[in-house]
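Spelled out, the chains give:
Number of protein chains: 2
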Amino acid sequence: MSKTISVIGLGLIGGSMALDLKKSGFASKIIGVDKSKFHEKQAMELSIVNTIMPIEEAIRASDLTILSTPVDASMKLLPHILDILPSNSVLMDVGSTKSSLIEKVKDHPNRKFYVPSHPMAGTEYSGPSAAFHGLFKDRAAIICNSEDSFPKAVHLVSEVYDHLGSRLILMDAEAHDEHVGYVSHLSHAISYALAVSVLEKEKDDAAIFNLASGGFASTVRLAKSSVDMWLPIFEQNSKYILPILDTYLDKLTEFKSYLERGEMEHLYEFIKEANRINDKLEKK
Amino acid sequence: MSKTISVIGLGLIGGSMALDLKKSGFASKIIGVDKSKFHEKQAMELSIVNTIMPIEEAIRASDLTILSTPVDASMKLLPHILDILPSNSVLMDVGSTKSSLIEKVKDHPNRKFYVPSHPMAGTEYSGPSAAFHGLFKDRAAIICNSEDSFPKAVHLVSEVYDHLGSRLILMDAEAHDEHVGYVSHLSHAISYALAVSVLEKEKDDAAIFNLASGGFASTVRLAKSSVDMWLPIFEQNSKYILPILDTYLDKLTEFKSYLERGEMEHLYEFIKEANRINDKLEKK
Chain V
40 MSKTISVIGL GLIGGSMALD LKKSGFASKI IGVDKSKFHE KQAMELSIVN TIMPIEEAIR
100 ASDLTILSTP VDASMKLLPH ILDILPSNSV LMDVGSTKSS LIEKVKDHPN RKFYVPSHPM
160 AGTEYSGPSA AFHGLFKDRA AIICNSEDSF PKAVHLVSEV YDHLGSRLIL MDAEAHDEHV
220 GYVSHLSHAI SYALAVSVLE KEKDDAAIFN LASGGFASTV RLAKSSVDMW LPIFEQNSKY
280 ILPILDTYLD KLTEFKSYLE RGEMEHLYEF IKEANRINDK LEKK
Chain Z
40 MSKTISVIGL GLIGGSMALD LKKSGFASKI IGVDKSKFHE KQAMELSIVN TIMPIEEAIR
100 ASDLTILSTP VDASMKLLPH ILDILPSNSV LMDVGSTKSS LIEKVKDHPN RKFYVPSHPM
160 AGTEYSGPSA AFHGLFKDRA AIICNSEDSF PKAVHLVSEV YDHLGSRLIL MDAEAHDEHV
220 GYVSHLSHAI SYALAVSVLE KEKDDAAIFN LASGGFASTV RLAKSSVDMW LPIFEQNSKY
280 ILPILDTYLD KLTEFKSYLE RGEMEHLYEF IKEANRINDK LEKK
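If you read the protein sequences in the order shown, they are chains V and Z.
Take this note's numbering: the final residue in the first sequence is number 323, and no numbers are missing along the way.
Take this note's numbering: the final residue in the second sequence is number 323, and no numbers are missing along the way.
No lab work stands behind these hints: they were computed from the structure.
One should not assume that every hint holds.
Any copy, or any two copies together, can satisfy a pair, since identical chains are not distinguished.
As the list claims (entries may be wrong) - Heads up, simulated EDC-like pairs for lysine to aspartate or glutamate below, C-alpha to C-alpha not over 16 Å straight-line: (1) K42 - E239; (2) K176 - D289; (3) K143 - D187; (4) K151 - D122; (5) K242 - D318; (6) K311 - D267; (7) K278 - E299; (8) K176 - D267; (9) K74 - D267; (10) K278 - E302; (11) K61 - E308; (12) K240 - D285; (13) K311 - E239; (14) K242 - E312; (15) K319 - E239; (16) K240 - E312.
Quantities reported herein were computed from a predicted structural model and do not represent experimental measurements.
Given only the sequences and the hints, what does the whole structure look like? Please build it.
So this is what it looks like as structure tokens:
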């Protein structure tokens, strides 16, 4: 049965979901909502959505609403959407933090129609023009605290990820926030700091980027990621990110100390240990 | 005029150079030398080299010798190769550190036949099987302290990089070592530390890599890089890498402090500054 789906926030994630859900036939109609008129227009031009509506009208017309705004906007919108969610309609969000969103609506009478989720996919680009088919294919997608949503609602969201080609994982929200702190948020923090370090160096050395190779480009890639998306993620997940940053700073300081003291056998072991990442990522 | 070229060290860099120099016609014959019999055999099977010879015989038969071993091996081989270099033959190396190699042979009578260079290209893989055509195309290639080599020798090496499709940059060796400290060595250090941090976390959380997304894969990619290649680079360039690591640790600590103290306007500015990397890398 084909669905009418609203997508609130027509960026990389929401836009890419819309494209694939239309293509697979899971959505018969995608209604787009964005606070930016420019993005709404772009999403129409790029055939990401079938129509644009005001947010309340969109939600009332939909079987499923996908909330894909930055997580600070989601914090504000989530209770409001649940207030007006029509019966038998489901709300899912796709944000990179889960505990604070769940906490925000934990006593809401419509809480069980909300399914908190997080697809582990993205690029460093944003907006409707960044959206593309196949973004979620073979990536992990997480549903958090599924026992707090109606089974029918969880089932619908699992169908969404099935149509996107994702591997579904059920997980506790706190565990999720710590996990993604390690495998996503930390990568962004260290990439931002790398960019800032080299940009500062550039102030007295204008030619430094002439030498940048593929290795640098790869490590600094995430530093292009939108501040509007990432600042609220760091803020909402600081409980987990702060200790992870401490762990990371300790490890890099350990690396530095070995080099400083000429303890090359220890540095050798450190790098050998790091090399094990190869097997971990290949196996995925 | 087609050349006979020896490649000492049949890894990613030496192997890829051999492939392109043969293809372009610049080399009529590539003689391969490697301390590993297995790599020598592989390089023959993959048609990377035309023949294998013992090192002294190879050098004596060549118009140009390319030294493409890890930089600790290069430190040992460099004076020895200069000792036996035939007249009118040239030696170039391609290592990621330059000052210590140059210092090592500064008083050698054949110093002027040696051209220290560094192509800013590579991948996280190594060995002859990692070599491929086009690795150096459109990448920067650096020649250091060109005034200390015979103009004819510098010219020959510039022809090599021209045939590889690289953009040539002349640079002082000390400046080179600091520059690549920022845009290459630092990236490797922070990637190794990221891998070690997440691998440690995995010890009590076996499933963590299930969630790894493209962002993590990109940031941690360099952590796969061979310890045999990278340990001596860090050791030889520690004079520049140590202060760069301090700068980086300061920046990441600054990021953490803003988050810890809830100074979101400062964190916003930090990330906005990092975002400028986009223009820098696009312009290249």
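Structure-based check of all given hints:
| no. | hint | in the structure |
| --- | --- | --- |
| 1 | K42 - E239 | neither (51 Å within a copy, 44 Å between copies) |
| 2 | K176 - D289 | neither (35 Å within a copy, 38 Å between copies) |
| 3 | K143 - D187 | within (14 Å within a copy, 68 Å between copies) |
| 4 | K151 - D122 | within (12 Å within a copy, 79 Å between copies) |
| 5 | K242 - D318 | between (39 Å within a copy, 15 Å between copies) |
| 6 | K311 - D267 | between (37 Å within a copy, 9 Å between copies) |
| 7 | K278 - E299 | between (32 Å within a copy, 9 Å between copies) |
| 8 | K176 - D267 | neither (25 Å within a copy, 36 Å between copies) |
| 9 | K74 - D267 | within (13 Å within a copy, 53 Å between copies) |
| 10 | K278 - E302 | between (34 Å within a copy, 15 Å between copies) |
| 11 | K61 - E308 | neither (50 Å within a copy, 38 Å between copies) |
| 12 | K240 - D285 | between (25 Å within a copy, 13 Å between copies) |
| 13 | K311 - E239 | between (31 Å within a copy, 13 Å between copies) |
| 14 | K242 - E312 | between (35 Å within a copy, 13 Å between copies) |
| 15 | K319 - E239 | between (34 Å within a copy, 13 Å between copies) |
| 16 | K240 - E312 | between (30 Å within a copy, 13 Å between copies) |
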